[in-house]
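Let's have the full structure, built from the sequences with the hints guiding it.
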Amino acid sequence: MDFARYLVEFEYILNSPSPAAPYDNPAYLEYAKLNWSRMHRWLKKGELRTETKAMLERIAKPLHWIVITEPWCGDAAHSVPFIQLMAQHNAAITVEYELRDSLPFTINEYLTNGSKSIPKLIIRDEEGNDLAVWGPRPVGCQQLYDRLKAEGADFEIQKVALQNWYNTDKGSAIQQELMLLLSDVTSSVQSL
Numbered sequence: 001m002d003f004a005r006y007l008v009e010f011e012y013i014l015n016s017p018s019p020a021a022p023y024d025n026p027a028y029l030e031y032a033k034l035n036w037s038r039m040h041r042w043l044k045k046g047e048l049r050t051e052t053k054a055m056l057e058r059i060a061k062p063l064h065w066i067v068i069t070e071p072w073c074g075d076a077a078h079s080v081p082f083i084q085l086m087a088q089h090n091a092a093i094t095v096e097y098e099l100r101d102s103l104p105f106t107i108n109e110y111l112t113n114g115s116k117s118i119p120k121l122i123i124r125d126e127e128g129n130d131l132a133v134w135g136p137r138p139v140g141c142q143q144l145y146d147r148l149k150a151e152g153a154d155f156e157i158q159k160v161a162l163q164n165w166y167n168t169d170k171g172s173a174i175q176q177e178l179m180l181l182l183s184d185v186t187s188s189v190q191s192l
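Quick note, the sequence shown lines up with residues 1 to 192 if you use the numbering used here.
It is possible that some hints are incorrect.
What the hints assert, rightly or not - Simulated restraints, written as ranges between beta carbons of each label pair: (1) 57 to 157: 20 to 28 Å; (2) 17 to 114: 18 to 26 Å; (3) 139 to 18: 35 to 43 Å; (4) 155 to 2: 26 to 34 Å; (5) 153 to 94: 34 to 42 Å; (6) 2 to 30: 24 to 32 Å.
As the list claims (entries may be wrong) - Listed below are the simulated SDA-like cross-link pairs for lysine to any residue, each with C-alpha atoms no more than 20 Å apart in a straight line: (7) 61 to 100; (8) 44 to 90; (9) 116 to 100.
Bear in mind the hints are in silico, worked out from the structure with no lab data behind them. Predicted model, so just to flag it, every value in this text is computed and none were measured. Ideal Cβ placement from N, Cα and C applies to all residues, glycine included.
Laid out in structure tokens, this is it:
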């Protein structure tokens, strides 16, 4: 599905009188509501850096991005808007969104340490060959998460700390990491 369809699916979950699992669980529905607000805030106020735009403008050959996500995912609420903003900056980039917990279950091919962690971005060439994979969160955020987990911090402490990290970062880390990936990808694609 494209981004517009993903937003329709997301909104349907939020407004459904009897949402399907896992959104029939009030906690998951509340996560989705918070993530809807967070995602729209970044779509409205998130800014692509000058160097990010310049890198995107250098992409000449078609790329297909697959974003695996779910509305309940807090990391996705902060990363997916920047992925979408970046993709929109160059017509050579097409984006497809897949829900992790629905067919075609592409996530099973892109596990993180054996886990179905999301969001996940797969960058492919026009023949469908994988060129790069990113996710589930920026390196600095992952390091914070790993440290908190090792310290035995409870879920609420982890959630607040990660939210604060994303708010402070303002999409900078994901742009920097994707620029590095795209730099490698465009070098290899243009040399073919």
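Handout entry: Restraint check for residue 116 with residue 100, where alpha carbons must lie at most 20 Å apart
Key = holds (8 Å)
Problem - Pairwise beta carbon distance, residue 153 to residue 94, judged against the given window 34 to 42 Å - result: holds (39 Å)
Problem - Supplied distance hint 35 to 43 Å, evaluated on CB atoms of residue 139 and residue 18 - result: At 40 Å between Cβs, range holds.
Practice task
Decide if the proposed pair is consistent with the structure: residue 44 and residue 90, CA atoms, cutoff 20 Å inclusive.
Solution key: holds (19 Å)
Problem - Assessment of proposed distance window 18 to 26 Å (beta carbons of residue 17, residue 114) - result: violated (37 Å)
Problem - Range agreement (Cβ of residue 2 with Cβ of residue 155, hint 26 to 34 Å) - result: holds (33 Å)
Practice task
Given the range 20 to 28 Å, decide if the beta-carbon distance of residue 57 to residue 157 lies inside it.
Solution key: violated (41 Å)
Handout entry: residue 61 paired with residue 100 [C-alpha distance capped at 20 Å]
Key = violated (28 Å)
Problem - Distance restraint evaluation - residue 2, residue 30, Cβ atoms, bounds 24 to 32 Å - result: Once the Cβ atoms are compared, 27 Å apart, the range 24 to 32 Å for residue 30 and residue 2 holds.
Hints 1, 2 and 7 from the list above are not met by this structure, while the remaining hints are.
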